Amino acid sequence: MSNAPASIVSRLAQSRLIWPLAGLALLLLFNLVFDRAFFDLSTRDGNLYGPIITVLRLAVKVMLLAMGMTLVIATGGVDLSVGSVMAIVGALVAFLAERAQLGFPGLLAVGLAAALIVGLFNGALVAYIGIQPIVATLIMMVLGRGVALSITGGMPVRIEDAGVLFLGRGFIAGVPVQIILVLVVFLLTALACRKTAIGLFVEAVGDNEVASRLSGVNARGIKLLTYIFCAVCAALAALVSIGDVGRVEPDRLGQMLELDAITAVVVGGTVLTGGRFTLTGSLIGALLIQTLTMTLVRQGMPSDVAPVPKALVILAVCLLQSARLRAQLAALFSKSRRAVS
Amino acid sequence: MRQFFIRKNLPILATAAVLVLLFGTFSLLFPNFLSLRVIANLFTNNAHVGVIAVGMTFVILSGGIDLSVGSVLGFTTIFVATLINHEVPPVVAIGLALVVGSAFGAGMGAVIQVYQLPPFLVTLAGMFLARGLAFVVSAQSLEIKHGFYGAVIDFGIPLTEQVTLRATSGIFVAVFLAALCLAHFSRFGRNVYAIGGNASSALLMGLPVARTRIWIYTLSGFCAALGGIVFTFQTQSGNATNGLGLELDAIAAVVIGGTLLSGGVGYVAGTMMGVLIYGTILTAISFHGQLDSSWQRIAIGGLLLVFIVIQRLLTRAPAFGRSN
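Residue numbers (our numbering), protein chains in the order written: chain R, 136 to 476; chain Y, 2 to 325.
By construction, these hints were calculated from the structure, which means they are not laboratory data.
None of the values given here were measured: they were computed from a predicted structure.
Be a bit skeptical, because a hint or two may be false.
To be verified - Here are the computed distance ranges between Cβ atoms for each label pair:
id: 1; chain 1: Y; residue 1: Ala111; chain 2: R; residue 2: Phe169; range: 28 to 36 angstroms
id: 2; chain 1: R; residue 1: Ala462; chain 2: Y; residue 2: Glu88; range: 28 to 36 angstroms
id: 3; chain 1: Y; residue 1: Val89; chain 2: R; residue 2: Ala157; range: 53 to 61 angstroms
id: 4; chain 1: R; residue 1: Val345; chain 2: Y; residue 2: Leu314; range: 19 to 27 angstroms
id: 5; chain 1: Y; residue 1: Gln117; chain 2: R; residue 2: Val168; range: 35 to 43 angstroms
id: 6; chain 1: R; residue 1: Leu318; chain 2: Y; residue 2: Thr242; range: 31 to 39 angstroms
id: 7; chain 1: R; residue 1: Asn353; chain 2: Y; residue 2: Gly207; range: 18 to 26 angstroms
We treat Cβ as the ideally placed atom computed from N, Cα and C, and that holds for glycine.
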């Protein structure tokens, strides 16, 4: 155990977590120097508040979506429908809470069941019919938004169910429930992936689907499972989101969040072509983007302009992964070194 | 004649059949649907989607994708509106916007080509960038009041006493015809098909893959900017939020038009039919009066599903017709 810290450091240096972690650390350092108030924590009625808590709360939706998206991307796919799944679940839950007077357990069950059906649909199209993931989930993205709108008739609906509101606004031991939920989902997913063979199978399918199938992995089943899991994560994100806002606007709920989730996964170090994945990286990716946005907004950037830094982060991450750029940089370095000597 | 019905052409034939069927059904359901006015409005109201979808066709034919077009449209509308409100002559403003849009596309194409990055990610970054920059230009919606705009909007080719073909639909048709020539009668077009079919083979054959790929994204950027300009003619205003999610409508129109997202297979004419199907559904919903816009999405999504599954079954089935 004596060499444990050293091995952690060396493992970290080699891992792909190093870049997103470095980015996050840099941002926090910037705030430490220029904006001490960023770290202010206050308690009101025993509950935690402050800019950092706000960043965490704002990142919760994307973090939840990124969990599912990570596994889908690891199989070599992508899921564009998560935003629409959020809208379907949100609209359905709001509608049933209002009309059918369903209690929280019932609402939760209906929401998860809806996600299950959508995930089955996506997964079946991709894994069993063999449609490209972008296209298959694009269908559900367009279709699902329409279904969500038709559930509520396009009107916004208020949420009054105490359970859903607690999920979005409540606190347990001073910590927002949302944050605890993300941690629980993360731990369960990480355990399922790293302590059982599921994670290995997912990486095998993403690396080489044919080879994994020939070696006895149920590649189609694994793919189906990831799309279902992704939709379930979207359902949880929807519940948190509508509980926080207190109402459902089916035309806006979850819109463009699919792209934010993909961004978080890619920034976290999972490659779009599939194979090895890192759940921790995706969480850090989501936090990095939210912290960056928050930092820039606190420095006076209008919040509308927030997509610009997001774009720059994506480009930077892409370029860091590009073999060509590395070669160019290496050539540049060796040249300058030669010039010095 | 039998040559025409080979497997390669089946998706586009299916698209044509669906267009005729849809239009026919709605004509039976709604009186006055089958009229020159409705058909002319199909072109006028969907001109911005059409122009963008034509550009997107080349990108998808080459095996790529361009997610930035909706944002570039939004950027262009606010850019042109701001310039005109600062007393820049509209022609100069429009020219500048087209240059900026093309340069934006070229930049993305260059990054994709030089650093061998996935188009999905690079154009995703482009989408965020263009949207953010649009808000940098102006977060407020701006009205465009200028004699030139009035003249363009009033301009029309009278088809009958009541029906006129508007300038925006003229732009759409012109872009479509130009793209048709470019795709099927130019070296560039053949290179696009070759890259989409197999980029490595194209490279080994000595085709200018790098240059062509950068031109493809330049073309898409140009079309997105032109779509933005068409949109300013339609709305006489600029708004940074314009065109949110439009990239997916354009992709849907291309896919419904029978172009395979894996690249190499498809027609510009199919995209035109895809746009018309999209427009027909919109028009039918407005004719019905009771249906809200949610049905538009459900219909488009359902059509997408049917087309994609048919395409998949066709490409998987044994190659009947090929021996002819």
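Structure-based check of all given hints:
1. Ala111(Y) <-> Phe169(R): 28 to 36 angstroms: holds (35 angstroms)
2. Ala462(R) <-> Glu88(Y): 28 to 36 angstroms: For Glu88(Y) against Ala462(R), whose Cβ atoms are near 49 angstroms apart, the range 28 to 36 angstroms is violated.
3. Val89(Y) <-> Ala157(R): 53 to 61 angstroms: violated (44 angstroms)
4. Val345(R) <-> Leu314(Y): 19 to 27 angstroms: At 21 angstroms between Cβs, range holds.
5. Gln117(Y) <-> Val168(R): 35 to 43 angstroms: holds (38 angstroms)
6. Leu318(R) <-> Thr242(Y): 31 to 39 angstroms: Between Leu318(R) and Thr242(Y), where Cβ atoms are some 35 angstroms apart, the hint holds.
7. Asn353(R) <-> Gly207(Y): 18 to 26 angstroms: With a Cβ separation near 44 angstroms, Asn353(R) and Gly207(Y) fall outside 18 to 26 angstroms, so the hint is violated.
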